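So the protein lines, in turn, are chains A and B. Under my numbering, think of the first position of the first sequence as 240, with each following residue one higher. Under my numbering, think of the first position of the second sequence as 425, with each following residue one higher.
There could be a bad hint or two in this list.
Unchecked claim - Computed from the model, here is a short list of chain A residues facing chain B with C-beta under 7 Å: (1) ILE241; (2) GLU272; (3) SER278; (4) TYR297; (5) GLY306; (6) ASN334; (7) TYR339.
Everything labelled a hint here was simulated from the structure, so no lab data went into it. If you're wondering where the values come from, they're calculated on a predicted model, not measured in any experiment. We put the CB at the ideal spot given by N, CA and C, even for glycine.
What follows is the residue order along each chain.
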Amino acid sequence: MIGCYDFCGNYEWTFEWLRQQGGHEVVRSYWDEAIHHDSQVHASALIAAKGIEGMKEYWGPTLADEGAVYERTATDDVFRIDMHECPSKGFLIRNGLQQYPDYCDHCMGWIGPMMKQAGFVVDHEHNHCGQCWWEMRRESDASAPSKTGELSGEHDVRLRADWKQPGTDHYDRATDPDHKSVRPQG
Amino acid sequence: MSPALPYTDTKPVGHADFYFAVNATFRFILKRFGYEKLQEYWRNIGASYYKPVSAQWLDHGFAGVAGYWRAFFKAEPGAEVAVHESADEVRLEVKQCPAIHHLRENKREIVACFCQHCFFVNEAIAGPAGMAVRITGGNGVCTQRFMRQSRNEPAQKLEDIKEAT
Numbered sequence: 240m241i242g243c244y245d246f247c248g249n250y251e252w253t254f255e256w257l258r259q260q261g262g263h264e265v266v267r268s269y270w271d272e273a274i275h276h277d278s279q280v281h282a283s284a285l286i287a288a289k290g291i292e293g294m295k296e297y298w299g300p301t302l303a304d305e306g307a308v309y310e311r312t313a314t315d316d317v318f319r320i321d322m323h324e325c326p327s328k329g330f331l332i333r334n335g336l337q338q339y340p341d342y343c344d345h346c347m348g349w350i351g352p353m354m355k356q357a358g359f360v361v362d363h364e365h366n367h368c369g370q371c372w373w374e375m376r377r378e379s380d381a382s383a384p385s386k387t388g389e390l391s392g393e394h395d396v397r398l399r400a401d402w403k404q405p406g407t408d409h410y411d412r413a414t415d416p417d418h419k420s421v422r423p424q425g
Numbered sequence: 425m426s427p428a429l430p431y432t433d434t435k436p437v438g439h440a441d442f443y444f445a446v447n448a449t450f451r452f453i454l455k456r457f458g459y460e461k462l463q464e465y466w467r468n469i470g471a472s473y474y475k476p477v478s479a480q481w482l483d484h485g486f487a488g489v490a491g492y493w494r495a496f497f498k499a500e501p502g503a504e505v506a507v508h509e510s511a512d513e514v515r516l517e518v519k520q521c522p523a524i525h526h527l528r529e530n531k532r533e534i535v536a537c538f539c540q541h542c543f544f545v546n547e548a549i550a551g552p553a554g555m556a557v558r559i560t561g562g563n564g565v566c567t568q569r570f571m572r573q574s575r576n577e578p579a580q581k582l583e584d585i586k587e588a589t
């Protein structure tokens with residue numbers, strides 16, 4: 240049986256299996272169709288209906304249930320997550336599992352299209368070591384992402400000594416997993 | 425000592441909402457590639473991702489099989505499963521499948537052939553350890569038997585595995 244305890248391991252394995260069947264486009268479709276529109280349809284409905292309030296409702300219990308160490312910061316205009324210990328990537332690192340080139344892309348793979356559908360854009364960085372940050376704003380809000388510490392204070396993941404890693408992925412007002420740039424020095 | 429789970433987490437029990445993704449993954453592959461490919465996916469994940477489980481079963485025999493399933497279902501929320509070990513086989517009596525239970529509780533449409541994944545995945549794990557798997561029931565309640573291939577048990581009939589609803 241495929242269980243939920245080690246789900247992140249077989250999920251990551253599945254990305255690579257799908258890539259081998261039909262290339263990158265199939266993996267992108269999987270994140271959008273299977274995860275955004277099917278598995279996480281409850282999140283999609285909540286956020287489409289309630290916007291930032293929906294994000295607060297969804298990313299409270301869910302991340303806690305998954306065992307994340309994280310901080311949420313919400314204002315009327317922005318919803319921010321500082322992920323200090325991603326339970327999913329952490330599981331893969333601890334168990335030495337890597338089949339797919341960039342597991343972290345799956346989050347933008349389903350959250351990006353979900354935010355687009357709800358009228359939001361995403362500023363985001365992940366360092367491939369289990370740390371990342373996210374800021375969701377309405378598409379009509381042209382504000383730049385917050386400066387380090389400005390929104391989440393001491394909880395800002397960018398203040399960590401180990402935050403800067405080579406090859407950190409960076410997204411500006413994105414909703415597409417491929418719309419990223421790589422920062423060589425993190 | 426029986427081996428337990430090859431991949432371990434810091435939390436004792438998994439997050440049940442991941443069953444949504446397991447079910448959605450089967451549906452995606454079925455729609456995109458068809459049933460034969462879904463069977464291939466199940467066989468491949470059993471032979472590849474779960475390869476360490478095969479090695480445990482090869483090394484430890486039925487004690488390894490029983491130890492694995494006890495540890496496995498202890499970490500699956502909502503599972504009610506009895507694991508019986510004898511000289512001839514290991515038998516799982518699944519009184520409440522955690523996945524079917526959670527999907528139903530949340531009114532999710534379950535892929536009809538969902539329960540077949542246990543046969544294809546488990547058979548792919550068991551094969552390299554010289555074992556075979558036979559399943560009867562399904563749709564939340566089933567019996568799964570793990571025995572030596574040398575017993576030449578009649579082939580699994582997929583019609584003996586109920587469709588999930």
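Hints versus structure:
{"no.": "1", "hint": "ILE241", "verdict": "holds (5 Å)"}
{"no.": "2", "hint": "GLU272", "verdict": "holds (6 Å)"}
{"no.": "3", "hint": "SER278", "verdict": "holds (4 Å)"}
{"no.": "4", "hint": "TYR297", "verdict": "violated (11 Å)"}
{"no.": "5", "hint": "GLY306", "verdict": "holds (4 Å)"}
{"no.": "6", "hint": "ASN334", "verdict": "holds (5 Å)"}
{"no.": "7", "hint": "TYR339", "verdict": "violated (12 Å)"}
Violated hints, listed in ascending order, are 4 and 7; each of the other numbered hints is respected by the structure.
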